[in-house]
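Trainee: Each chain, letter by letter, is given below.
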Amino acid sequence: MTEPAFFVLTALVDEPRHGYGILGEVDALSGGRVELKVGTLYGVLDRLVSDGLVELDREEIHDGRLRRYYRLTEPGSEALAAEAERQAANARVAAKRLRAWRPQHAGGTA
Amino acid sequence: MSELERRYRRVLRLLPAAYRGAWEEEMVATLLARMATDDPEEAEYRDCCGRPPRSEVASIVGLAVRLRLGGMDAPPRSRLWGQAVRLAAVVALLAFAVPAARGGWQLLWHAGWLPWPALPADVMDLTHPWAGWQVAGTVAWLPWVFAYLALVAGRRRWAGALAGLGLLMPFALDLLLAVATPDPFPPTSMPYTWLMAIVATGVVVLALVAGFHRDAPPLRPGPWLLALAAGVAADTAVTFLALGRQVVHHHALDLPGMWSIALVVVGGAHLAASGRRRPARAPEWALALALLAATLLVLRVVSLVEYTLTAGAAFEPGLAVLHSAQAVAVLAVGLPLAVRAARSVGAAPRVPPAAAAPTP
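Same order as they appear, the protein sequences are chains A and B. Quick note: the first sequence uses the numbering used here, first residue 1, plus one each step. Quick note: the second sequence uses the numbering used here, first residue 1, plus one each step.
Honestly, the hints are just simulated from the structure, not real lab data. The beta-carbon is built from N, C-alpha and C at its ideal position, and this holds for glycine as well.
Interface residues of chain A toward chain B, partial, derived using beta-carbon atoms under 10 Å:
#: 1; residue: Thr2
#: 2; residue: His18
#: 3; residue: Ile22
#: 4; residue: Tyr42
#: 5; residue: Asp46
#: 6; residue: Arg47
#: 7; residue: Leu66
#: 8; residue: Arg67
Stretch by stretch, here's where chain A covers chain B in the computed footprint (C-beta under 8 Å, at least three residues):
#: 9; region: 23-32
#: 10; region: 47-60
Some chain A residues near chain B, calculated using beta-carbon distances under 8 Å:
#: 11; residue: Tyr20
#: 12; residue: Lys37
#: 13; residue: Val38
#: 14; residue: Gly39
#: 15; residue: Thr40
#: 16; residue: Gly43
#: 17; residue: Arg65
#: 18; residue: Arg68
Kindly produce the complete structure, drawing on both the sequences and the hints.
Mentor: Right, here's the structure in full:
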């Protein structure tokens, strides 16, 4: 799962969001590190909808413009949970290695 | 409709019509929401004079390329174009990597680093006053070998960067040669051919970067590594047996000449193997070879015309006839390939993307 797809799914966990809402939520969730562009967002949404991980919740007209709200599906929630667990396991391995490595090198530099 | 919206819609026209039909309104709403501001004066200015940010335009161009040159799960027509452009790019890269690799190991042999019999003196003479340039020219081509290997190994970004280097280095060297010497080598004495070669090489790099996007399937390394080995063996045989012993003049079998022969052999084999079957077998090969034939034909015709017009007293009718024959042979194979490819493209459904018009 790509990083943009991971953040788009995460942005839809608590409530359905429209395209612009997803962009803002991804920005907030990543602390400004991931700034999705519109071309990237709709490429990701297209793929997530066709894979059944995200589906259309409702359509609204806001200031004369179309807003489509998307929600996470059950398979989408499972895929996100699996990916989050995979990333957490990777992080645990790296953190464990770093903890084991630091004490050995701490003495050498003192 | 504001001028800003008009500009956004113009950029969105790069996307396939079916995709645009499903997503355009929503994308426009999102793009405009991103540019919205609470300051009425600023909003008015943006509506009339604002331009889509370059980063947004680049992301839409990237999406258009991924959709039009689709991966394996794309609609049939987009998948066919994607496969054909990727095939054309990898075959073109192979066409550069083969002479580059041959030149590289020939140089090692020359330097005495390979424990083989002495190199025939007529292949590369290091005592010649041009030898330094010849060595530099050989080294300048080496990035193509690494670009090809990077692509086969699935390192697409590295392949694109190295191919860019392979594009720039030989031409930078030619420029240097033109500036440094009063009587430069043939490439720079035929400026239109030289420019055409840059354009053709640039097209290859562009096809490589565009075709091998993040949704594209990886290459199978085995057959492509074998193709490189076979190509280097064949090129070595031609260089040493024919060109080295002056059986064939080196201008007669220059690179476009060698590529023409290779294309006629591969294209002819494809036409013979696929026969008149409908639907055509491996249509992506017909389209890829037709694209390569068109590029090669332009290159050969430009070099032929320029040679005829500028050679003057040094004009050799035999050489012009041979190059014309190469152009005719490429055309004779390229045309049926193009007809076959056009039929396959026409027959491939332009199904809207799977996610088009999501329904609640």
